[in-house]
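Novice: Take a look at the letters that make up each chain.
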Amino acid sequence: MNALKLHRILEQNTGLLIFGILFISSIGGLVQILPSLNDETLSTPTMNTRVYDAVELTGRDIYIREGCHVCHSQQIRPLVAEVERYGPYSRSGEFVYDRPFLWGSKRTGPDLHRIGGKYSDQWHETHLLNPRAVVPESIMPAYPWLSERPASAAGDIQRKMQVLQSMGHPYSPEDINNAEAALQGLTEMEALIRYLQMLGTSFDASQADAPMEGM
Amino acid sequence: MAIMPNDFWSGWIIVITVTSLLGLAWLVLSIYLLRSGDDQLHEEPVWDENLQEGNTPAPLWWFWLILAMMVFSVVYLMLYPGLGSFQGAFQWSQGGQLAERQASYNAEFEPLEQQIVSSSYEALGSNELAMNTAAGIFEEHCSACHGIDARGQAGLFPSLSDGVWQWGGMPAQIEQSIRNGRNAAMVGWLSALGGEGQLQNVAEFVLSMSDGIDAAHPGKRYYDRFCIACHGPNGDGNPVLGAPRLNDDVWLYGDEIGSVRTTIIEGRMGQMPAFAETLDDQQIKLLTAWLLARNSAD
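Residue numbers (the working numbering), protein chains in the order written: chain A, 1 to 215; chain B, 1 to 298.
Pulled out of the complex, with its shape left as it was, chain A reads as follows:
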């Protein structure tokens, strides 16, 4: 058959034309998306990657609420300059319990994927209350209200954990039952710092196998 005849047939049959358009535009997805959805290596936790506990999850939600991800990325690319500056590049398996993931695309401030353990809690508190107190030229906004609000007010933690559990995050019933108690007496500041301090710590560079791992 000749392409012009095919063209004519398609042009004269709206239903066929719609089907043709859908078929052609789905090819990219069939090749790119469908196999990825079935690729277990992308959904297997890397090394010590674990679910966020109640406090870290709350801290993470505060991180999202305050828009920290707008200025900070959480993915270290496999480039020498980044690895030298931030530490081991990010593995896909480290993000399996991130819903939504916070990779980000804009770095107004530095990448935070391996911020855990880099500074002390005290530094983070001082910095979040007023970034200029420790980095004089910083343009990061201050977040003084974080130390005034209780962490338990940042949303229904048990409900959040139940939803995540229904998506396959392995929370035990005790985890969920004890969630509210875990937040008792903590401020949003403390929860956020707990989250920052565990970011990127589940990866142990000394145990990393072949450089291809997780890519």
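Be careful, since some hints might not be right.
Said to hold, decoys possible - Which chain B residues face chain A? A few, computed with CB under 7 Å, are given here:
1. Trp9
2. Ile16
3. Ser20
4. Leu27
5. Arg101
6. Tyr121
7. Ala144
8. Cys145
9. Leu156
Unchecked claim - Calculated pairs, EDC-like style, for lysine to aspartate or glutamate (alpha carbon to alpha carbon, straight line, at most 20 Å):
10. A:Lys160 / A:Asp53
11. A:Lys160 / A:Glu174
12. A:Lys160 / A:Asp175
13. A:Lys5 / B:Asp249
14. B:Lys220 / B:Asp249
15. A:Lys5 / B:Glu53
To be verified - A short list of chain B residues far from chain A (calculated; beta carbon distances all over 12 Å):
16. Thr17
17. Leu67
18. Glu100
19. Glu122
20. Val164
21. Asp224
22. Arg261
If you're looking for bench data, these hints aren't it; they were derived computationally from the structure. We put the beta carbon where it would ideally sit given N, CA and C, even for glycine.
Place chain B on chain A using the hints.
Specialist: Below, chain B alone, put in the same frame as chain A:
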């Protein structure tokens, strides 16, 4: 797309990609090769006297462009990973590329690193290149706490330029501070002291220690009882515990009575993070030489 869950998905990608490429090639070629004499214009209805739908192919430059793109994609898929689990002729991978670049980066600095290993702290301290490098490392990793000029800041992070070392000023001690970090631990003493009066007395005594020990000071009793074990009878401090010297004018947390009182009431837990994983031995040595040089210059 290098790691495929199984052969099925790899085959899936290959079949769809190759079929689409062939289909596209057929479409483009048949439009251009068969266009003459076969545009069946006579079958099209005529509207408004002279409007008739045609099937004129796009201009030729477009044909060459899409042909070039198809050739490019075939060549690309032969050289680089893309067709399912086929690695491509170059055996390229992101991780492999990083490892390669890292190796050449390391090789580039190997001679310099050797030089650092074999140099003394004094020699490094008077080497301008080494000191500039050290200042850069300090700015990147340490200045957020110790301040850009290493003079301390926020009343929380100590000055590293005042010649006073809480954890000891020998090169090995400084390297130890950087490599393994330091966790100071002084608990609060308010309840042990027994009340506001005693607290105020001890705080005043501590502040007066730099002028010599006044044996008759009302705070000395409590100091001798609770504080001597770490800070020493004369307030000389103890670098093993990180207990600072109290009989000088250098204050980690400020020289006002208020901050001394806060220290005694709440305790202090100064935390210096460990850099063993972030910095290598040469970088730590450079930083130590830089700190030593700064302190001897002052």
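Novice: Look at each hint and say if it fits the structure.
Specialist: For each hint, the structure was consulted:
| no. | hint | verdict |
| --- | --- | --- |
| 1 | Trp9 | holds, 4 Å |
| 2 | Ile16 | holds, 5 Å |
| 3 | Ser20 | holds, 6 Å |
| 4 | Leu27 | holds, 5 Å |
| 5 | Arg101 | holds, 5 Å |
| 6 | Tyr121 | violated, 24 Å |
| 7 | Ala144 | holds, 6 Å |
| 8 | Cys145 | holds, 6 Å |
| 9 | Leu156 | holds, 6 Å |
| 10 | A:Lys160 / A:Asp53 | holds, 11 Å |
| 11 | A:Lys160 / A:Glu174 | holds, 15 Å |
| 12 | A:Lys160 / A:Asp175 | holds, 12 Å |
| 13 | A:Lys5 / B:Asp249 | violated, 95 Å |
| 14 | B:Lys220 / B:Asp249 | holds, 19 Å |
| 15 | A:Lys5 / B:Glu53 | holds, 14 Å |
| 16 | Thr17 | violated, 6 Å |
| 17 | Leu67 | holds, 15 Å |
| 18 | Glu100 | violated, 10 Å |
| 19 | Glu122 | holds, 28 Å |
| 20 | Val164 | holds, 21 Å |
| 21 | Asp224 | holds, 30 Å |
| 22 | Arg261 | holds, 19 Å |
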